[in-house]
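Q: Now for the letters of each chain:
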Amino acid sequence: MNLTPILTPLILGAGAIVVLLADLLAGKGNKTVAQVVALAVIVFAGIATVAVWGRGGPAFYGQVSGDGFASFFNLIFLLVAFLVVLTSPSYLKRSGSNYGEYYVLLLLAVLGMTFMASGTDLLIIFLGLETMSISLYVLVGFHKQRPRSNEAALKYLLLGAFFTGFLLYGIALVYGSTGSTNLEAIADYVKAASTPLGGYMGIGLALLLIGLIFKIAIVPFHFWSPDVYDGAPTPVTAFMSTAVKAAAFAAAMRIFYHPAMTLGIPWDKALWVLAVLTITVGNLAALSQSSIKRMLAYSSITHAGYLLVGFIARNELGASGMLYYLFSYGFMNVGAFTIAYLVNRRGDGSYSLSDYAQLGARNPVLALLMSIFMLSLTGIPPLAGFFGKFYVFSAAVQAGYVWLVIIGVLNSVISVFYYLRVMVIMYMREAEDLKDLERVPSVGFAALVCGLAIVLLGLFSGSLLEVARNSILTIL
Amino acid sequence: MNLEFLSQIPLLLTIVYCVAVVAFVFLFVLFSNWLERKISAHIQDRLGPMETGGWHGWSQAIADALKLLFKEDIIPAAADNKLFRLAPYLVFVGSLAGFAVLPFGAQLIGSDLNIGMYYVIAISSLVVIGILMAGWASNNKWALYGAMRAAAQMVSYEVPVALSLLVPVIMSGTMSMQEIVHNQEGYFWNWYVFRMFPFSFVAFIIYFWASLAEVNRNPFDLPEAESELVAGYFTEYSGMRFAIFFLAEYGNMFVVSAIAATVFLGGWQAPFPFLKFIPGAVWFIGKAMSLVFVQMWLRWTLPRLRVDQLMHVCWKIFLPFSFANLMLVGLWAVLWGK
Amino acid sequence: MESVFFVILAVVTVFSALMVILQKNPMTSVLFLILAFFSTAALYVLLSAPFLAAVQIIVYAGAIMVLFLFVIMLLNLNRIKEEGSPLLKALGMMVAGMLLVIAAVVIRSTVIPSDSGFVAGTEPGFGSVEAIGRSLFTTYLLPFEIASFLLLAAIIGAVVLAKKKL
Numbered sequence: 001m002n003l004t005p006i007l008t009p010l011i012l013g014a015g016a017i018v019v020l021l022a023d024l025l026a027g028k029g030n031k032t033v034a035q036v037v038a039l040a041v042i043v044f045a046g047i048a049t050v051a052v053w054g055r056g057g058p059a060f061y062g063q064v065s066g067d068g069f070a071s072f073f074n075l076i077f078l079l080v081a082f083l084v085v086l087t088s089p090s091y092l093k094r095s096g097s098n099y100g101e102y103y104v105l106l107l108l109a110v111l112g113m114t115f116m117a118s119g120t121d122l123l124i125i126f127l128g129l130e131t132m133s134i135s136l137y138v139l140v141g142f143h144k145q146r147p148r149s150n151e152a153a154l155k156y157l158l159l160g161a162f163f164t165g166f167l168l169y170g171i172a173l174v175y176g177s178t179g180s181t182n183l184e185a186i187a188d189y190v191k192a193a194s195t196p197l198g199g200y201m202g203i204g205l206a207l208l209l210i211g212l213i214f215k216i217a218i219v220p221f222h223f224w225s226p227d228v229y230d231g232a233p234t235p236v237t238a239f240m241s242t243a244v245k246a247a248a249f250a251a252a253m254r255i256f257y258h259p260a261m262t263l264g265i266p267w268d269k270a271l272w273v274l275a276v277l278t279i280t281v282g283n284l285a286a287l288s289q290s291s292i293k294r295m296l297a298y299s300s301i302t303h304a305g306y307l308l309v310g311f312i313a314r315n316e317l318g319a320s321g322m323l324y325y326l327f328s329y330g331f332m333n334v335g336a337f338t339i340a341y342l343v344n345r346r347g348d349g350s351y352s353l354s355d356y357a358q359l360g361a362r363n364p365v366l367a368l369l370m371s372i373f374m375l376s377l378t379g380i381p382p383l384a385g386f387f388g389k390f391y392v393f394s395a396a397v398q399a400g401y402v403w404l405v406i407i408g409v410l411n412s413v414i415s416v417f418y419y420l421r422v423m424v425i426m427y428m429r430e431a432e433d434l435k436d437l438e439r440v441p442s443v444g445f446a447a448l449v450c451g452l453a454i455v456l457l458g459l460f461s462g463s464l465l466e467v468a469r470n471s472i473l474t475i476l
Numbered sequence: 001m002n003l004e005f006l007s008q009i010p011l012l013l014t015i016v017y018c019v020a021v022v023a024f025v026f027l028f029v030l031f032s033n034w035l036e037r038k039i040s041a042h043i044q045d046r047l048g049p050m051e052t053g054g055w056h057g058w059s060q061a062i063a064d065a066l067k068l069l070f071k072e073d074i075i076p077a078a079a080d081n082k083l084f085r086l087a088p089y090l091v092f093v094g095s096l097a098g099f100a101v102l103p104f105g106a107q108l109i110g111s112d113l114n115i116g117m118y119y120v121i122a123i124s125s126l127v128v129i130g131i132l133m134a135g136w137a138s139n140n141k142w143a144l145y146g147a148m149r150a151a152a153q154m155v156s157y158e159v160p161v162a163l164s165l166l167v168p169v170i171m172s173g174t175m176s177m178q179e180i181v182h183n184q185e186g187y188f189w190n191w192y193v194f195r196m197f198p199f200s201f202v203a204f205i206i207y208f209w210a211s212l213a214e215v216n217r218n219p220f221d222l223p224e225a226e227s228e229l230v231a232g233y234f235t236e237y238s239g240m241r242f243a244i245f246f247l248a249e250y251g252n253m254f255v256v257s258a259i260a261a262t263v264f265l266g267g268w269q270a271p272f273p274f275l276k277f278i279p280g281a282v283w284f285i286g287k288a289m290s291l292v293f294v295q296m297w298l299r300w301t302l303p304r305l306r307v308d309q310l311m312h313v314c315w316k317i318f319l320p321f322s323f324a325n326l327m328l329v330g331l332w333a334v335l336w337g338k
Numbered sequence: 001m002e003s004v005f006f007v008i009l010a011v012v013t014v015f016s017a018l019m020v021i022l023q024k025n026p027m028t029s030v031l032f033l034i035l036a037f038f039s040t041a042a043l044y045v046l047l048s049a050p051f052l053a054a055v056q057i058i059v060y061a062g063a064i065m066v067l068f069l070f071v072i073m074l075l076n077l078n079r080i081k082e083e084g085s086p087l088l089k090a091l092g093m094m095v096a097g098m099l100l101v102i103a104a105v106v107i108r109s110t111v112i113p114s115d116s117g118f119v120a121g122t123e124p125g126f127g128s129v130e131a132i133g134r135s136l137f138t139t140y141l142l143p144f145e146i147a148s149f150l151l152l153a154a155i156i157g158a159v160v161l162a163k164k165k166l
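Residue numbers (my numbering), protein chains in the order written: chain A, 1 to 476; chain B, 1 to 338; chain C, 1 to 166.
Any given hint might turn out to be false.
As the list claims (entries may be wrong) - 30 Å max Cα-Cα, derived DSS-like pairs, lysine-lysine:
#1 K316(B) / K28(A)
#2 K164(C) / K28(A)
#3 K163(C) / K155(A)
#4 K67(B) / K141(B)
#5 K38(B) / K82(B)
#6 K144(A) / K155(A)
#7 K67(B) / K38(B)
#8 K164(C) / K155(A)
#9 K165(C) / K144(A)
#10 K165(C) / K28(A)
#11 K24(C) / K93(A)
#12 K28(A) / K191(A)
#13 K191(A) / K269(A)
#14 K71(B) / K82(B)
#15 K141(B) / K163(C)
#16 K89(C) / K144(A)
#17 K71(B) / K141(B)
#18 K24(C) / K82(B)
#19 K144(A) / K38(B)
#20 K164(C) / K141(B)
#21 K165(C) / K155(A)
#22 K93(A) / K165(C)
#23 K316(B) / K165(C)
#24 K89(C) / K24(C)
#25 K89(C) / K93(A)
Stated by the list, open to error - Here are some, though not all, of the chain B residues that point toward chain C, as calculated from beta-carbon distances under 7 Å:
#26 N114
#27 I115
#28 Y118
#29 Y119
#30 A122
#31 M175
Claimed, not checked - Derived coverage of chain A by chain C (criterion: at least 3 residues anywhere in the stretch with Cβ under 8 Å from a Cβ of chain C; other residues may be distant):
#32 158-171
#33 321-332
Just so you know, these hints were derived from the structure itself, not from any lab.
Glycine is no exception: its CB is placed at the ideal position from the N, C-alpha and C atoms.
Just chain A, with the same shape it has in the complex:
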């Protein structure tokens, strides 16, 4: 049996159980053990991912593939998870919900994601998505004493279950019209079919797509995301806005980049509209937010729209650009949320922008890091955010979607306003009462790592793009 393609999830699954037991043995009140073990598991899984990079090949009757594409995404998930685990404990302690199960659920969510990225069978992708979602429903509601957290969890659960129905119905229709859930077998069937398939299969694929873009929060399936992102514990929000989107995009790319899956249906036209809507709606809503958490929530909708531009382009640069974008976006957003959490001095979950007044004077390092994140999210060169956008937009131009890119660039200009506003407040505005920030070394360290990564990824964007280019060979 070839276990290489599932090596990463295997370690994560075993690790989750080890964390559960370690947490039990460590006794009540001592949750550091769970965190440390979880970090070790993630590092171990990361090493394993790099060690077998792209050498997995198809396995388990062609249901999974450990190709470079899967490895690349696994690395994204693990990096984000690492940073999130690093930053979580102080939030959990403050919210009075410091339980070891948090890390277990996080690891299981990552396990689900790895299957979404490596699954080459709709069944595996579905199960991966559900494992991820179920863990997330709980993680969103982890701050049990906070009504908003409960509300967010319930909203996410109800809508998530509803859209799982879409996804599953889509899979059923695809299975019904082709007789298989395996992507290769479906493609073979479509190619060999005497009459062009459309109809049921088309509806099935459309429903599949809807199920996936719900998780990415593409307009018009985005209504849940601001509330859920706002209500969830901040580290979980950081996790959701990056890794979950990456996972859903991975599954979507796996399924829809397969040449046979177009069926001659103009997907790009429909997605074109969605991309424009997503970018614009996210942007306009972000403009008027006074809470940084909500602002980042809407901004993550916008970024999903930019990523969709790369998805629509459907070419080599688009796909590798998306990989690059998702990789660097993980650092940007996790970093921004980390600082948002550090600065939220009242700890009441309001995350007001006015908390940032004079941050530049009070804590220059944090202010600098936040500036890097904001600039990178805006897309200012030479930071990683710029190159991500640059790659997906040039891919779209290559594919002939000039107007889409123009709208995207115009929106980027709008977004400058709300990203830079944070910097303006940090450096220009007078603060009413100055208070020292809580100092949490691990969280500061995570933010520092994010900041450095963004700068480095920007400086060496070419090499990461090269890795991404090699990773997408198997799916295009």
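Fit chains B and C to the supplied structure of chain A, relying on the hints for placement.
A: Chains B and C alone, transformed into the frame defined by chain A:
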């Protein structure tokens, strides 16, 4: 008389068999109702019904049944009329459907499904739905409490029941009731309860206890605890409908005992091969009836559990034990064969 | 004989599925949902998949329905009233109508290829416990194992959310 020709027309045979089973259920319920009265009386050092019909009040149950039939049928004004009427039949159907796969003899079986065991577990969920329906439709808080308790209890105890029933399934490698019985042929030490000692025996014990909860019998009779809930989910029922609930209840008692007899106690097999001349049905009913007797005995001996104790017993004692038991049996089967 | 049963069951399934959404009383619609599940289970039996039928009953008609009933009983049923503006209603109807048209067009335009080779229940042992067990532990081993992790996540999640003090 040669009855061979009947097998030529299976539909007719099936109908005859169904009628026979229903008749059997009625007789069984009448008998066990009388039996329960007598057992309870003797356990409490009194005589019980002695007058009706003469010898030891043998026709007391019949008189009771007649009384129920002629009683006024009351449907509370605030009840959900349709559901109120439907519920008892649903419960009864759920209980009766279990009889379809009970092997009364080598040939006497409604349908020897290859998923017989699984079917039994599945069909018992119908009873829960009926009970919930009854409790809700009555629009009475005691009835609703009873129904909620019953649902919680039956759903929980389904798990250890299923896990311990899987032990004989592993041992015989089939879910067909008849084949499981055939695999226990010979002397009584070939019965599954005595094989793979002690795992199978543990499974038998767990099954029997958990099945008491499945049929809401003491010490797990919280759903119809008369001292707390009047009569639980059938508080508002009277007359005929009450009688149907009663039938279903006793029918269920027989079903769970009969399943235990089938999969653990050799079903219709005689304990010694030389006793084979006695028909299988006698053995089968005899074994099932002795288990029914134990159920009654327990009812009049043990006190009732509290709700939290009930759940504790299920999830923290029965479940882990039956699970470990199942794993060990699986291990045994892999290492030393069945 | 089989087609007679099929027609009866199909009618019952579709009818009860419709009643689920047409009934005003949620309790009744849940009970119709159970009926729909049961008749679907019976359809599985017709397709010579008795194991699947039993699974259907255990999973849906049993566990999920009980949960549904709990939820419904904990809701305050008498308070549920028709809500929403007429505009929203009209909009909803319009969207539904459009979907119906699309579905109709799609169904009409779909040509099921004659070479589609899937016919249920042909080989011996199809749908038996053995066959399902074998395929679960060979072809579908990986999905089976992922499902176990899915359930692990669900169990942990349920305990985390439901328990007051961990």
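Q: Run every hint past the structure and note whether it holds.
A: How the hints compare with the structure:
Among the hinted pairs, K316(B) with K28(A) is consistent with the structure: their alpha-carbon atoms are about 21 Å apart, no more than 30 Å. A distance of roughly 15 Å separates the Cα atoms of K164(C) and K28(A); the hinted pair therefore holds under the 30 Å criterion. A hinted pair counts as satisfied when its Cα atoms are at most 30 Å apart, and K163(C) with K155(A) qualifies at roughly 20 Å. Note on K67(B) and K141(B): the hinted pairing holds, with a Cα-Cα distance of about 27 Å set against a maximum of 30 Å.
With a C-alpha separation of about 37 Å, the suggested pair K38(B) and K82(B) falls outside the 30 Å cut-off, and the hint is violated. Of the supplied pair hints, the one linking K144(A) and K155(A) holds, its CA atoms being roughly 15 Å apart against a limit of 30 Å. Between K67(B) and K38(B), the direct Cα distance comes to roughly 19 Å. Compliance with the 30 Å bound is thereby established for this hinted pair. With a C-alpha separation of about 21 Å, the suggested pair K164(C) and K155(A) falls inside the 30 Å cut-off, and the hint holds.
A C-alpha spacing of about 11 Å is found between K165(C) and K144(A), which places the hinted pair at or below 30 Å, so the restraint holds. For a cut-off of 30 Å, the pair hint linking K165(C) to K28(A) stands: about 11 Å separates their Cα positions. Between K24(C) and K93(A) the alpha-carbon distance is near 46 Å, which puts this suggested pair outside the 30 Å criterion. About 59 Å separates the Cα atoms of K28(A) and K191(A), which puts this hinted pair outside 30 Å; it is violated.
With a C-alpha separation of about 23 Å, the suggested pairing of K191(A) with K269(A) holds against the 30 Å cut-off. Among the hinted pairs, K71(B) with K82(B) is consistent with the structure: their alpha-carbon atoms are about 20 Å apart, no more than 30 Å. Note on K141(B) and K163(C): the hinted pairing holds, with a Cα-Cα distance of about 26 Å set against a maximum of 30 Å. Annotation: proposed proximity of K89(C) to K144(A) is violated, straight-line Cα distance about 36 Å (limit 30 Å).
Restraint check for K71(B) and K141(B): the C-alpha separation of about 24 Å stays at or below 30 Å, so the hint holds. Straight-line distance between C-alpha atoms of K24(C) and K82(B) comes to about 14 Å, which keeps the hinted pair within the 30 Å bound. The suggested pairing of K144(A) with K38(B) is violated, with an alpha-carbon distance near 55 Å, which exceeds 30 Å. Pair hint K164(C) plus K141(B) holds up; C-alpha atoms about 27 Å apart against a cutoff of 30 Å.
Distance hint between K165(C) and K155(A) is fulfilled; the C-alpha atoms sit about 24 Å from each other, no more than 30 Å. With a C-alpha separation of about 15 Å, the suggested pair K93(A) and K165(C) falls inside the 30 Å cut-off, and the hint holds. At roughly 18 Å between alpha-carbon atoms, K316(B) and K165(C) fall within 30 Å of each other, so this suggested pair holds. Of the supplied pair hints, the one linking K89(C) and K24(C) holds, its CA atoms being roughly 16 Å apart against a limit of 30 Å.
Of the pairs offered as hints, the one joining K89(C) and K93(A) is violated, with about 47 Å between alpha carbons and a cut-off of 30 Å exceeded. Using the Cβ-Cβ criterion of 7 Å, the hint placing N114(B) at the interface with chain C is satisfied: the shortest such distance is roughly 6 Å. At about 5 Å, the closest approach between the beta carbon of I115(B) and any beta carbon in chain C falls short of 7 Å, and the interface hint on this residue holds. Because the closest C-beta pair between Y118(B) and chain C is about 5 Å apart, less than 7 Å, the hint holds.
The criterion of a C-beta within 7 Å of any C-beta in chain C is met by Y119(B), whose closest approach is roughly 6 Å, and the hint holds. For A122(B), the interface hint holds, since its Cβ comes within 7 Å of a Cβ in chain C; the closest pair sits about 4 Å apart. Interface restraint check: M175(B) against chain C, minimum CB-CB distance 6 Å, threshold 7 Å, status holds. Coverage of the segment 158-171 of chain A by chain C is violated in this model, with 0 residues showing a Cβ closer than 8 Å to a Cβ of that chain against a need of three.
With 0 residues having a Cβ less than 8 Å from any Cβ of chain C, the segment 321-332 of chain A misses the three-residue criterion, and the hint is violated.
Hints 5, 11, 12, 16, 19, 25, 32, 33, counting from the list given before, are not met by this structure.
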